[in-house]
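Trainee: Here is what each chain is made of, one letter per residue.
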Amino acid sequence: MTNRKSFSLLLLYLCLPLCINAQSKLDSMQHILEVEIAAPRNSTKAIIPAQQLQGKQLKALNSLSVADAIRYFAGVQIKDYGGIGGLKTVNVRSLGTNHMGVFYDGIQLGNAQNGQIDLGKFSMDNIESISLYNGQKSDIFQPARDYGSSGSIYLKFRRPQFSADEKEHVKVTFRTGSFHLANPSVLYERKINDKVNASFNTEYIYSSGKYKFRYKRVLPGSSEVAYDTTATRENGDIHALRLEGGLYGRMDDGHWELKAYYYDSERGIPGAIVNNRWMNAQRQWDSSFFVQGGWRKRISERYDLMLKLKYANDKMRYLNPDTTLMYIDNTFRQQESYISLAQKYALTNWWELSLSADMQWNWLQSNQQGTAYPTRRSTLVALATALNLEAFKAQASLLGTFINEHIGDDAQGTAAAPNKEELTPAIFVSYKPLPHHNLTLRAFYKHIFRMPTFNDLYYTDIGNIKLEPEFTHQYNLGFKYIENPGRDILKQWNVQVDAYYNEVTNKIVAVPKGSGMYRWMMMNLGKVEIRGLDAVAATTLQLPHEVLLNLKGTYTYQKAQDFTHRRNPELEETTWGGQIPYIPWHSGSFIAAATYRSWQLNYSFVYVGERYHNSANIPENYEQPWYTNDVSVFKTIALNKGSLKAALEVNNLLNQDYEVVLNYPMPQRNYKLTLTYEL
Amino acid sequence: MSRSLIILTCILLFALLSACRDDVELFVSEELALTPPDETGGYQGFYLLNEGNMGSNKATLDFYDFDTGTYKRNIYAERNPDVPKELGDVGNDIQIYGSKLYAVINVSNKVEVMNAQTATRIGQIEIPNCRFIRFHGAYAYVTSYAGPVEINPDYTQRGYLAKVDTATLQVVDECLVGFQPDELTISGGKIYVANSGGYMGSGNTDNYERTVSVIDIETFTEEKRIDVAPNLHRIRTDQQGNLWVSSRGDYKGLPSRLFFIDAQKQAVTDTLDVPVSSCCMVGDSLYVCSVSWSYTSYSNEITYAIVNTQTRKILTRNFITDGTEEEIEIPYSVMVHPASGYIFLTDAGNYVTPGLLYCFNSEGEKLWSVRTGDIPAHFALLK
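Sequence order for the protein chains is A and B. Each residue of the first sequence is one higher than the last, beginning at 1 in my numbering. Each residue of the second sequence is one higher than the last, beginning at 1 in my numbering.
Among the clues, some could well be false.
Taking lysine-lysine and the DSS-like style, the derived pairs with C-alpha atoms no more than 27 angstroms apart in a straight line are [stated by the list, open to error]:
hint: 1; chain 1: A; residue 1: Lys195; chain 2: A; residue 2: Lys466
hint: 2; chain 1: A; residue 1: Lys216; chain 2: B; residue 2: Lys72
hint: 3; chain 1: A; residue 1: Lys212; chain 2: B; residue 2: Lys85
hint: 4; chain 1: B; residue 1: Lys383; chain 2: B; residue 2: Lys190
hint: 5; chain 1: A; residue 1: Lys156; chain 2: A; residue 2: Lys79
hint: 6; chain 1: B; residue 1: Lys100; chain 2: B; residue 2: Lys383
hint: 7; chain 1: B; residue 1: Lys85; chain 2: A; residue 2: Lys216
hint: 8; chain 1: B; residue 1: Lys72; chain 2: A; residue 2: Lys210
hint: 9; chain 1: A; residue 1: Lys171; chain 2: A; residue 2: Lys212
hint: 10; chain 1: B; residue 1: Lys163; chain 2: B; residue 2: Lys383
hint: 11; chain 1: A; residue 1: Lys79; chain 2: B; residue 2: Lys85
hint: 12; chain 1: B; residue 1: Lys252; chain 2: A; residue 2: Lys466
FYI, nobody ran anything at the bench for these hints, they're computed from the structure. In this text, all values refer to a predicted model and were calculated from it rather than measured experimentally.
Looking at chain A on its own, in the form it has when it is part of the complex (with noise of 0.2 angstroms):
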């Protein structure tokens, strides 16, 4: 047991530099781990690299949800509206939220009535990586679903793992904090048999979501208040439930595991703050359901199959009680179902086929008058190929989509929009051209669209059935370097720089309506050019004293402009060319961790540049630059069989009062203790 956790534990430092980047070495490490305790030898490696947060250093990130975690990848734009409930959207390389694949340990997550994946509904409680891939991850053997976005966060959450003399393990968490956090989580995993193990995982998050934010203006040109109000955040509050279940098995050259997911929650709808209106009634309560299963196993030396099916159930109810307002009182229903089957074939040792095809159902219901209940089937045929000639390695794929909609009877004259066919390639290549230096040359590019969501195509005056698919292009040209001197001070250090161009095409955007205010009808008409760079640094120190350092550092520039043509030439002007709403010029985050013995401190910092928050960039729509300083430490306490860990946390440090969506004010200094006990 000790010797197990050492190993890993050393495991985890060699590889901690690493892990950011992911591949080479840790991949390999992990790999083996995992053949050990499940596959069956290979998987080929994607070509392009994840950037991944894991391990330690994702635990020190100071995050409750996924998305707070991912403010520090490169190419990342969060758009948070604050709070523990708040929605949390992620944007990477500006190409837009519905332009994300999110996968839950393996699977994808939907929402076909919006394309919206809300991060902040994600827990970070037992995860043990998010890995995000640009344009798609560059690994044959995958469902057609996969290939599917531009851009992909894969979460893998912790799996049970027993050493011969262990039966069970259990961990217990406790987290409070500011605007009344109470969060506690239990999570228990048991060996079955030595095949199968089973883990158990259940969250409760309570919050008042209330915090004190403050509106200060002064004068042009000078320092003298105009105004200066502090208020408090009101319904903002959540109260959330998470149970989670799962069986894992392995088998002869395979393994399978079935997972079951179900959250419920009810959360205030904070809303905007406006003049003379510092409160909002709205709620939503979530519901969410889902049961998936994978398996995956190796035919025969040449040939490998991977199977995954998933169903999920997802109700929203959305209430506005505002007297007020217009009185609103909606509930949707939405339904997936979903079967992949993925299947590699090596024809050589340097040259593998593979072939995947995936049916999908989706259903939305709802209570709204006047709206029609969708049905979408979505079959998905992904035929890709992967060249591994040791220094030069290339894969390319061809995704066909082919979806077929249907109308049920309660529309009221709606008709179904037509059925689609789209097929867009794929294409990933590297280079190793030194043969002692680990410096690696990568491209791709990838052509593939989103396809518009119910709400786009039938949404109650809105919905548009004419809508096309949205379509990007991503052209990317980079380099990583490694370098290990393993020696001295410094451990390791590595660089990696891509630059990329992306083509937003027929975006959908809504177009004024017809009279009266507040009348959309959603339209194939924008058109984005992004150019930007990503870069990411990372290093090892080993510091005098045993002490460790971890350093991490993003960069990104990105220059996403707004080329959508307009009836009005002198309006086109306001806006042709500007940069498109919330993308900063300039972004970037670094992270340290120094260990010592069994204390960590860390130090993460987020910073997001000046932009605008509409393509008019004109003063009057300017937002200032923001910066989150968080500190954090922890200690182990070691307890006659198990651990006991401690962490304290303050985000926010400077108290900085800033938004990242126009008024939304983001909280103040807080604070958060983690207590975990773990036999």
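Assemble chain B onto chain A, guided by the hints.
Mentor: Just chain B, lined up with the frame of chain A:
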């Protein structure tokens, strides 16, 4: 090597930290020189209220000075620096009465009362979900969607008309009207309120309101309803004391349309096949512009027209004569200067970025245009 790396990291860190965030400054107004009209007709200029998209808190106030031809953009914050979060969210109406300027700010649940000459704040009238304001005698009358809630068995909520003392800025009386009342007009001792039912009808056309409420100004009670058409919006009194009411239609099969109410008969006696989003009554002319969505062409169809209120005929189907209409995206509001006949027309563009204000001479030829705030929408002429 490693030391330089640490130093480098530190430098990087401090560089980041020093890329500082300043105190946020209040907006300053901008002044632009434009051509003044040929004759001012005794008016100093006009205020233009920009609605700002919902949730953006970007209702802003612009002023065009007829004497000098200067256009001052976004003056409210500068004139009232101590008002937290400025003018507010979604400006829905603006009027001048006596020496005061009244701006109805819908989502901010208030009528902002300012000095008409300086746009400095005098106070505010708290009315939830307030829509439009008109005046008579010592009182202001404001329509609101937010009447008492009834659950019988469905959730319903009628609107009301608030009577406000213009001296104390207090609501002194309320009178229930139909569902979601919009514009109102006062003539012949009656207040006429156009009821829309906008919250009720979005899923089902039959649920829209289709009546004008007639309120006796002395007793301040609803006397009767005049049946017109679904989803009423604008209501104006012409020189003869008769009423012109617009229906928004149901945005689907039923188009927007203009109706004539004979004041004597208190009933609809005529209708014109012209859609109306915005209108302006000058003399015997009702200038109308509208945008309506066509499900055939999947685009907005735009109409400009002048209606003669005496003959009840459409004088012209386009009051812009130089081709400028080809480029206007969403004509949102029209105002005609009574003396010079100049036509001021706003283009709300895409609602989320700034719009434009156009000035045309009485012949309909463009003189100038200027960038405004977001959704330029409501005019108030200053004497």
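Trainee: Each of the hints needs a verdict: does it hold here or not?
Mentor: The hints, checked one at a time:
1. A/Lys195 to A/Lys466: It is violated: about 52 angstroms lies between the C-alpha atoms, which goes past 27 angstroms.
2. A/Lys216 to B/Lys72: holds (25 angstroms)
3. A/Lys212 to B/Lys85: holds (16 angstroms)
4. B/Lys383 to B/Lys190: Answer holds: lysine 383 of chain B to lysine 190 of chain B is near 26 angstroms, not above 27 angstroms.
5. A/Lys156 to A/Lys79: holds (22 angstroms)
6. B/Lys100 to B/Lys383: Holds - the C-alpha atoms of lysine 383 of chain B and lysine 100 of chain B are around 11 angstroms apart, at most 27 angstroms.
7. B/Lys85 to A/Lys216: holds (9 angstroms)
8. B/Lys72 to A/Lys210: Not satisfied, since the Cα-Cα distance of roughly 40 angstroms exceeds 27 angstroms.
9. A/Lys171 to A/Lys212: violated (34 angstroms)
10. B/Lys163 to B/Lys383: Holds: lysine 163 of chain B and lysine 383 of chain B sit about 25 angstroms apart, inside 27 angstroms.
11. A/Lys79 to B/Lys85: holds (22 angstroms)
12. B/Lys252 to A/Lys466: holds (16 angstroms)
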